[in-house]
Structure formats: structure tokens, C-alpha cells
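Asks: Spelled out from the first residue to the last, the chains are:
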Amino acid sequence: MIDEPTVRGDSRANRRLIARLVLLVFAMFGFGFALVPLYDVFCEITGLNGKTGIADARSIRAADVDTSRMVTVEFTGNTANGLPWEFRPQVSSMQVRPGEVAAAVYIARNTAGRPIVGRAIPSVTPGKAAAHFKKTECFCFTEQTLQAGETKAMPVRFVVEHDLPRDIRTVTLSYAFFNAEAYAGTPPAGRSATGPDTAKNTN
Amino acid sequence: MATAEVASHEGHHHPTGIMRWLTTTNHKDIGTLYLCFSLTMFLIGGFMALVVRAELFQPGLQIVDPHFFNQMTTMHALIMVFGAIMPGFVGFANWMIPMMVGAPDMALPRLNNWSFWILPFAFTMLLSSLFVPGGGPAAGWTLYAPLTIQGGMSVDMTIFAIHMMGISSILGAINIIVTIFNMRAPGMSLMKMPLFVWTWLITAFLLIAVMPVLAGAVTMLLTDRHFGTAFFDPAGGGDPVMFQHIFWFFGHPEVYIMILPAFGIISEIIPTFSRKPLFGYTTMVLATACIAFLSFVVWAHHMFTVGMPLAGELFFMYSTMLIAVPTGVKVFNWVSTMWRGALTFETPMLFAVAVVFLFTIGGFSGLMLAITPADFQYHDTYFVVAHFHYVLFSGAAMAMMGGAYYWLPKWTGHMYDEKLGKIHFWLTTIFFNVTFFPQHFLGLAGMPRRIPDYALQFTEFNVISSLGAFGLGLSQLLFVYIIVKCVRSGVRATDEVWERPRGLEWTVPSPAPYHTFETPPKVI
Numbered sequence: 002m003i004d005e006p007t008v009r010g011d012s013r014a015n016r017r018l019i020a021r022l023v024l025l026v027f028a029m030f031g032f033g034f035a036l037v038p039l040y041d042v043f044c045e046i047t048g049l050n051g052k053t054g055i056a057d058a059r060s061i062r063a064a065d066v067d068t069s070r071m072v073t074v075e076f077t078g079n080t081a082n083g084l085p086w087e088f089r090p091q092v093s094s095m096q097v098r099p100g101e102v103a104a105a106v107y108i109a110r111n112t113a114g115r116p117i118v119g120r121a122i123p124s125v126t127p128g129k130a131a132a133h134f135k136k137t138e139c140f141c142f143t144e145q146t147l148q149a150g151e152t153k154a155m156p157v158r159f160v161v162e163h164d165l166p167r168d169i170r171t172v173t174l175s176y177a178f179f180n181a182e183a184y185a186g187t188p189p190a191g192r193s194a195t196g197p198d199t200a201k202n203t204n
Numbered sequence: 014m015a016t017a018e019v020a021s022h023e024g025h026h027h028p029t030g031i032m033r034w035l036t037t038t039n040h041k042d043i044g045t046l047y048l049c050f051s052l053t054m055f056l057i058g059g060f061m062a063l064v065v066r067a068e069l070f071q072p073g074l075q076i077v078d079p080h081f082f083n084q085m086t087t088m089h090a091l092i093m094v095f096g097a098i099m100p101g102f103v104g105f106a107n108w109m110i111p112m113m114v115g116a117p118d119m120a121l122p123r124l125n126n127w128s129f130w131i132l133p134f135a136f137t138m139l140l141s142s143l144f145v146p147g148g149g150p151a152a153g154w155t156l157y158a159p160l161t162i163q164g165g166m167s168v169d170m171t172i173f174a175i176h177m178m179g180i181s182s183i184l185g186a187i188n189i190i191v192t193i194f195n196m197r198a199p200g201m202s203l204m205k206m207p208l209f210v211w212t213w214l215i216t217a218f219l220l221i222a223v224m225p226v227l228a229g230a231v232t233m234l235l236t237d238r239h240f241g242t243a244f245f246d247p248a249g250g251g252d253p254v255m256f257q258h259i260f261w262f263f264g265h266p267e268v269y270i271m272i273l274p275a276f277g278i279i280s281e282i283i284p285t286f287s288r289k290p291l292f293g294y295t296t297m298v299l300a301t302a303c304i305a306f307l308s309f310v311v312w313a314h315h316m317f318t319v320g321m322p323l324a325g326e327l328f329f330m331y332s333t334m335l336i337a338v339p340t341g342v343k344v345f346n347w348v349s350t351m352w353r354g355a356l357t358f359e360t361p362m363l364f365a366v367a368v369v370f371l372f373t374i375g376g377f378s379g380l381m382l383a384i385t386p387a388d389f390q391y392h393d394t395y396f397v398v399a400h401f402h403y404v405l406f407s408g409a410a411m412a413m414m415g416g417a418y419y420w421l422p423k424w425t426g427h428m429y430d431e432k433l434g435k436i437h438f439w440l441t442t443i444f445f446n447v448t449f450f451p452q453h454f455l456g457l458a459g460m461p462r463r464i465p466d467y468a469l470q471f472t473e474f475n476v477i478s479s480l481g482a483f484g485l486g487l488s489q490l491l492f493v494y495i496i497v498k499c500v501r502s503g504v505r506a507t508d509e510v511w512e513r514p515r516g517l518e519w520t521v522p523s524p525a526p527y528h529t530f531e532t533p534p535k536v537i
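Just so you know, the sequences run in chain order A and B. Quick note: the first sequence uses this note's numbering, first residue 2, plus one each step. Quick note: the second sequence uses this note's numbering, first residue 14, plus one each step.
Everything labelled a hint here was simulated from the structure, so no lab data went into it. One or more hints might be untrue.
[Said to hold, decoys possible] Straight-line distance between alpha carbons at most 20 angstroms, and here's what the computed EDC-like set of lysine to aspartate or glutamate pairs gives:
(1) B:Lys-289 <-> B:Glu-512
(2) B:Lys-535 <-> A:Asp-11
(3) A:Lys-129 <-> B:Glu-326
(4) B:Lys-289 <-> B:Glu-509
Construct the complete structure from the given sequences, taking the supplied hints into account.
Replies: This is the structure we're talking about:
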């Protein structure tokens, strides 16, 4: 190479510094990927990101039922592009008492001429209600397969916990159903999506 | 402050013509290459901005279709950020850092050659994506998923271009750190280094910390697009908002990567034309480090409206506002440097003063955006566009123009045309404000960004903004003319160029010989 300059710095010191910096580059590349599970863990610990909880049915006692107030639970559901299903809640809303186990049913029908695997991503609004909304049974826990033309009732059992802040009178449970054929067999979605708006854009 | 013993060896055999530039390992040659590349990209990206402004001159769709409009906003941003501003500062670093610390060259000259020559390939790839079926990337420079998971082949080309420019930036940053740590002249302790060197040292660490994260983010996009992963696709258990978190973990330090070297240039210019040493050198260094540290804990202020919990919004609001403190320290230090100084206003000083003033306006609109409840109103409006052009154009780009006028005599050996330089300054400053100040009003009135059409009540301000943009664009042709004129001819510059400036670069002849400081200078 032309014009090799006289190296003022000790070339061994250069190499040591370069090695450290390159290591830092690779570490940060790995850190970028590590952010994915880190965010998940962070949200799980703190209950952030509107995650709905999963409750064990045995842990819910009748004594916890708060008879002094009623909470309206609204249901919505939609399908993302690329999933030829009809999907809607059987009832659009119901009144529940905090602490009592309630059940709702969504109806899904596959309008395509072939079996399709779908996955539902739940979301609860308002965000601060999410931590107090627990599901004991949900079709969103696993992938759902519908045969061609099949109609299926999909139950969800849930509890609005009695520590739900008193100023919240209405809670909306929303599902976005995605075509999961490309991902069939992978573990179920661990986290909630961010809502139907972002979900709709996904193809 | 410093005396230097200059050794110059003009007798070496160099390849000539194109081979000189392809094979060069000389920091001055590579600095020139970077600067020319940056200027070219500045003009190309500026042309794209004019396409955008031409379409927005009137409501309705006149000139381009919405999809092409989106490609123009996306490409304008990618080219300005990665093609104009970042390589421009690396060009300044290549030219000035070895001379400022009394080193004969960069520590890793061959790597230096390689880090530059990756760039033309990266940008050829990026620009040619405009011509593939489906057109160029149109999802905005932030490349948000899930939109970028759907795009055509151009998204893949953009991803590879970002990988290449990322590698170039990282190699450049490694070179700069090694040079600063291992190549300083005897006696040049860290706290004696010029502030430009300090800001670049910190910038280089930021680059090494966040460019790999961007590389990771776009790699995840790539595997989501082609290899069946689902980082950002809810159907597979991913989360599109995750992309925003990872992107802005890179994106916010990136903002400081683009402004800290500008602070460094300003901190060199203002003392020279105030004929006083920089006020508060130590606090300047600490403030720079403080800004760099804080840049890692504020990223989610770019995404207040995604539905974050209150605790998160509060944290990011307060941490963002905290950045105003070290930034304020810098602004006050520059003003204190000028205070009771023997001021003269040559072109570099005009640019430096304008940067301090206009950047501060951008800083204040940034504080407005940092207020979470207010941000829900301003988010994705033209107010944001006005804000970041005040910090990136009148911060980064105008600091580079000032730096170019400041050091051009040292680089070329000729004084630039002072009269034309001042005309360029006033045209740039006036048209810049005509272009971007009305955009504050547009944004506050609710005009969304990245939309090719708008409601009728926004017409007047858009007309003003577009006229300003064309004036601003045309004024930059004058800048090119002044540079060419200065390279070719002009009054011979003295070695000092300015009146007793501080710094080792003024102890070598003008133009700076091909090799400087082969014998280390004595730094007192």
C-alpha cells in the first residue's frame, strides 16, 4: 500500500483497542436481538403493554365477588387481511360483577374452501384495566384450525378482578384474528398485540 | 498554545488520476472524498425535497402520484441522514482530527480507504431501488413494520444499503477512536484536545453502540420478510411496536451522532472570531458526555402515542426534558465565549452564530414535543417536521457549511470569496426560515406529515414554505460555486488564516501539505 504512515501509536496497543471495539460492536448487535425477549420479560414483570393476565380457575373464590358495582364488558373482534374468516362476538356486551367468573362466546366461520389455521391476539382497553382482566379459558391460548366452511363457537371465560379501579365502568375486550398458516406449530403468542389498528395493517 | 515542527515530503510517488483516489490511504484525500460525497448526496437529497415541496405547493395532486411522493420523503430522509450528514462529519473528522491531535495520519489508513469506498456502493444500491418494480422504499426513513414487511424488492435493497453504510460508519468510528487514543502527539492530553476531537470521540462511541442495533433491527425485518420469523408479525407471536422500540433505541442516539460533531465545529469557530478561548471547556466536554449518556434513555418519546402506560410516558418525558440541561450548558458557554469578545463576523462566524440561535429554536420545539400530553396533538404533524429541520438543517448542515468556510483556506490554500460567502449565508438563513418556520404553524393547526395533499386552509403557509424551499435549494448552487472557485483560485491564505486561531492545524502551511506531523509537534 502506498503512503504507509509512520505509526505513532504502538501497533500492539492499536490491535488491543480494535479487538475491544469490535467485541463491543458484536455485543451491541446481539443486544439488539436481546431487546426482543427483554421487552417481553419487562412487560410481564411490570404488567405494562396492556397484557391481559391468565388466571387459574381454582384461585378465584366466590368471596371475592364485589356485589356493590357492575362493570360493562364490551366485545369486538376482527380479522386481519389474508384470513378469509367471519369472526364476531355472540353478544356485543354484558354486565359482570368484579370477581365473578363470566363467559362469552365468539363465532368464527371459515369461508374459504380449505382448512386454515388462525391465531387470535387479545387486547384490552383501557390500558390500565388490562392488568385486572384475567382469562381462565380462551381460544387465544392456542392456534385454532377451521375446516373448509366450518363454523365454530369459541368460548372465553374471564374474571374482572375486584381491584379494578372504581372509575373504570366499561372494559373492552378485542380480538384480532390472524392467518397463522406460515407459523403453524410455533408456540402461541405470548404477548398481546397493540390493538386492532396496527393489526389491520398486517398482511 | 502549541508550536509545531512541520515535516513535509512532497517527493513520494503517488498514482495519479482515478487510481490516486481509489487506492489512497491518506487522511486528507479520504476526507476530501467524504466531503465531496456528502455534498453530492446533499444536492440529490435536496432535489428530492424539492419534488416534495413542489407537490405541496398547492392542495390536490398535481405533479407526482402519492406512492412516488412517499418514496421521495423516504429517500430524502435516508439520503440526508446517512448520505449527507454522517459522511460529511466523517469527512471533517478525517481532515481535521489527525491535524488537531498532531498525528501523521489516521491510525488505520487502509481501513479508512475501505470505510469510504463502501459508501458509493451502498448509495448506488439505495438509489437504484427507485427503478425496480414497485418503486423505491416508501415507508418513511424509520422503516416501520408491518409496512416494510409488505413492501417490494426495494425494501430488501434498502436493508442491504443500510447494512453497508452501517459497516462503513462502524469502521470509521473504530478508526477515529484508535486515532484519538493512540496517535496523539506527546503532551496532547485528553483534556487538551480541541472540542471538535472530543465531540467526535463521543460520537464514535455512540456509533459503535447503536449502528449494530439498527443492523439487528433491519436484519429482523429481512428475516421476517423472507425466512419465516415473526419478530414483528402478531400472527406468529411478534409485535409491530417492538420494531419501533428497537429502531428508536438506535434512532435517538443517532440524532446526537448527527449533532455532536456540529457542536464541535461551532466550538472551534466561535472562540476564533471572538478572539477568546472557549468558555467552560471542561463543562463542554462533560455536557457532551452527558448528552450522549442520556440519549440512551429517551427513545420512546418518539412513540408516545403507541399506547404506553402512564409510568412509561412520564419516565420518557422527564428524561427527555433532562437533556435540555447539558444542551443549555453548551448554548450558554457559546454565548459566554462571545461575551465581551472582539467579535468579527466573517462567513464561518455568521454560520456559527446562526446555528446557536436556530438550533436553540429547534431545541425549544423539541421541549414542546417532549411534553407527553402536548405530543398527542403534535405527533406526526408538520410541527415535528419543522422541529427536526431546525436541529438538522440549521444545526448539523449549517454547522458543516460554517466549518467548510472555516477550514477551506487551510484545505485549498486559497481564501474563499468572502462577499459570495456572506451572500450564501444570508440566502441560506433567510430561505431556511421562510421554508420551515411556517411549518410550525401548519403542524399546530393539524396538518399531518407524509401526506401529498392537504386541506385548503393550509394553502398559504404551504405556498410560502415551498417558495422558501426552492430559494434554499438554489442558494446551495452558490455554495458549490464558491467551493469550486476557492479550490481553483483566490487570494493565497496565510498559515494562520484567521487572527491567532487556536489549534495545531493552523501551525502547518496552507494548503496543508500531503503529510503533516510526521515528526510529532511539541504540545505545550
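Asks: Each hint should be assessed against the structure and marked as holding or not.
Replies: Hint-by-hint comparison with the structure:
no., hint, result
1, B:Lys-289 <-> B:Glu-512, "holds, 11 angstroms"
2, B:Lys-535 <-> A:Asp-11, "holds, 19 angstroms"
3, A:Lys-129 <-> B:Glu-326, "holds, 13 angstroms"
4, B:Lys-289 <-> B:Glu-509, "holds, 16 angstroms"
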